[in-house]
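Asks: One letter stands for each residue in the lines below.
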Amino acid sequence: MTMATIPSFFETPAPAGLTGIRAWLLTHDHKRLGLMYLWAVLFWFAVAMIIGLLIRIELMTMGRTIMSAGVYNSAFTLHGVIMIFLFVIPGIPAIFGNFFLPIQLGTDDVFFPRLNLFSWYLYILGGVLAIVSLFTAGGFPDTGWTFYVPFSIGTKHNVPLTVFAAFVLGMSSMLTGLNFITTVHRKRAPDMGWMQIPLFTWSLYATAWVQLLATPVISITLLLVIAERLLNIGLFDPARGGDPILYQHLFWMYSHPAVYVMILPGMGVVSEIIPTFSRKAIFGYKAIVFSSMGIAIAGSLVWAHHMYTSGMSDTAIFVFSLLTFLVAIPTAVKVFSWVSTLYKASIDMSPPLLYALVFIYLFSVGGLTGLVLGAAGTNIHVHDTHFVVAHFHFTMFGGTGFAFFAALHYWWPKMFGLMYNFRRAYIAATLATVGFLFHYVPMFVLGLMGMPRRYYDYLPQFAHGNGLAAVGAILLVAGIVLMFVNLLLSFRSRVPAPANPWGGCTLEWTVPSPPPLHNFPLQPSIQEYPYDFTEILRKAPRS
Amino acid sequence: MFRTIRHRDGSAMTGGCDQIGGRIGMWLFLYTEIILFGGLFVLYAAYFHEYPRAFAEYGKELDRVIGAVNTVLLLVSSFTVAASLTALRQGMRRLCLGLLAVSFCCGTIFLVNKYFEWGHKFAMGLYPSSPALAGAPPGKNIFFGLYYVITGLHGLHVLIGMTLLAISFVLVQRRRATADRYAILENSGLYWHLVDLIWIFVFPLFYLIL
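For the protein sequence lines, the chains are A and B, in the order given.
Residue numbers for the first sequence follow our numbering, beginning at 1 and rising by one.
Residue numbers for the second sequence follow our numbering, beginning at 1 and rising by one.
The hints are simulated quantities; they were obtained by calculation from the structure and are not laboratory data.
Treat the numbers as computed from the prediction; the structure is a model and nothing was measured.
Using N, Cα and C, we set each Cβ at its ideal position, and we do this for glycine too.
Just so you know, not all the hints are guaranteed correct.
To be verified - Heads up, incomplete: computed chain A residues facing chain B, CB under 8 Å, no partners named:
| hint | residue |
| --- | --- |
| 1 | R186 |
| 2 | T215 |
| 3 | I220 |
| 4 | T221 |
| 5 | L246 |
| 6 | Y308 |
The shape of chain A in the complex, shown without the other chains (with noise of 0.2 Å):
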């Protein structure tokens, strides 16, 4: 049998024998799994963008534009929750983590197959009863993402339910990381090194292990939350003797690291595009290694410095202010070897390396913004401002967003077999950017001006800005539709994709688009060093 003969994963169901909707509802397949993430999470993103897309046309103007503070309040908080919990945290990991690290490892599947599927369902669940509890018992939760005691625990609204989606959430991402860690330590093909993993499997397993070691955090964060509701047991009430402070800390602990789950998988994307599109090996593959481990280390250590304004001792501060710089390092050599990667390297242009050089701008923007935050002086200034929001979309959406967006052009031949439109992918790409400066760059001047976050109405000084900020939104989802509908016009037009479009030298690109039910045909032969080109440029039609 040629490689071209073998059915795809489409074709065969695993377990054998599972016909219809039932071949994908209890699969064992980590790649249709991924791709059953890949549409659960869309739905979620589009949901989230959506509600976000709304909380901006409603402070477009000053007073009431299109809804009222209550449903404000309800807005900002499920646009935070789903978009950390179903979206930024899953996004990633979940889609092209599952379809493509066993792959990348010269593996058939992960370590526990069934476990995966049964994450996959925990994930609905949240999912489901995250929306159940926008009708049920007092309505939409209005506590923003963060659940901070005394608020959460003293309002009316349905946070019980909200809380308890979190959770069942948290152990999805939980499983999903106990999964990847054991299928890169026990199924990785028999002659690979550690030092021959590709970089985005070994983002992978940093993450998987931020995961393990912070989500039980907020697990027990978030029971506290649901024991207090039920049994008011007062452990975060001043008046009984609690501490509402210590909530802070327990939320963070997981909370911080958590962005690290966030942005190390984009991290790895990106360093999977660039030595691709640039024919060259990736500048400083084990620096670049290092730094993730590095960052999911130092990354465990600066909860509190979302706290400085919250009470706490002027050492402590001084501590978490240092040790926030200290990320700094490792962040900013994987950002140096990506440029270096580029640097007189034979690029070759194409949507994926359009996104992922716009997640490198956009990156480190909200990276150096996140220093004047973590620099305890100014933080005073603009802590709770429109500045730390424009900073952390910076980060979570213009680098996980972008870094996504860019997983999304860079895999999606080989997930589907199908090619899409460049035009259209460039336009929206441009689109979407030009739009996301106009929509965060208004709310940096406008944090240093002082206009809080989260709040319903805003003073005249503050309408130039959010008039900017609104038209920007309108742009970025623009951008990102016609991103979105130029893939799924993939399917229509049909246009197959070889097993290699873009010379990339991966164990992925040497498999056929999309790939047969056990991956390899035969047990793939590793590359002493992932990123070496030279048989790819020896191939190559010119030289």
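Place chain B on chain A using the hints.
Replies: Chain B only, in chain A's frame:
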């Protein structure tokens, strides 16, 4: 699905039966459980620092005898679970079942003791948001609040552990878990040891050092 895969140690196995991998997964999971309780121990540490006197005073109100008996019960059951695994691996199926039954009984007695201990506290009006605690000094409310949350969550884990032991019992009885295929029993046993381990920390923190 079950094609032969070569593993890193060179052994050839069928998919899904790599025991070391299975163990790695279980240990990682146990690790997350420890962190879960770790969050509560952080709370304990912070509040102990804030209310050392109250913690010392109300710690004496807990029943050390029941606490000690429960500690012994869990230690014994941990031993019998470990022994049941060895028994199964050596082919002594009936002994394995007997030892599992003993472990399960120990767990049950633990929960019954807990019921009486909690019932006694409830009778004294000491339960979350009770009028007696609402008017009490802040340290008292926090101490008993933590006591109920930590021992409650631990009790929940005892229940889960007993469920796993019961499942293992049935599987051994139906010869689905055998001398060659004992992952379920081994992992249930590991979980039970975790339940024991956490209690080893909970017991001194609440009953002894105060």
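Asks: All hints, please: hold or fail.
Replies: Taking the hints in turn, this is what the structure says about them:
1. R186: With a minimum Cβ separation of about 4 Å from chain B (threshold 8 Å), the hint on A/R186 holds.
2. T215: Holds, about 7 Å.
3. I220: holds (4 Å)
4. T221: holds (6 Å)
5. L246: Check passed: Cβ of A/L246 comes within 6 Å of chain B, closer than 8 Å.
6. Y308: violated (19 Å)
Of the hints listed earlier, the one the structure fails to meet is number 6.
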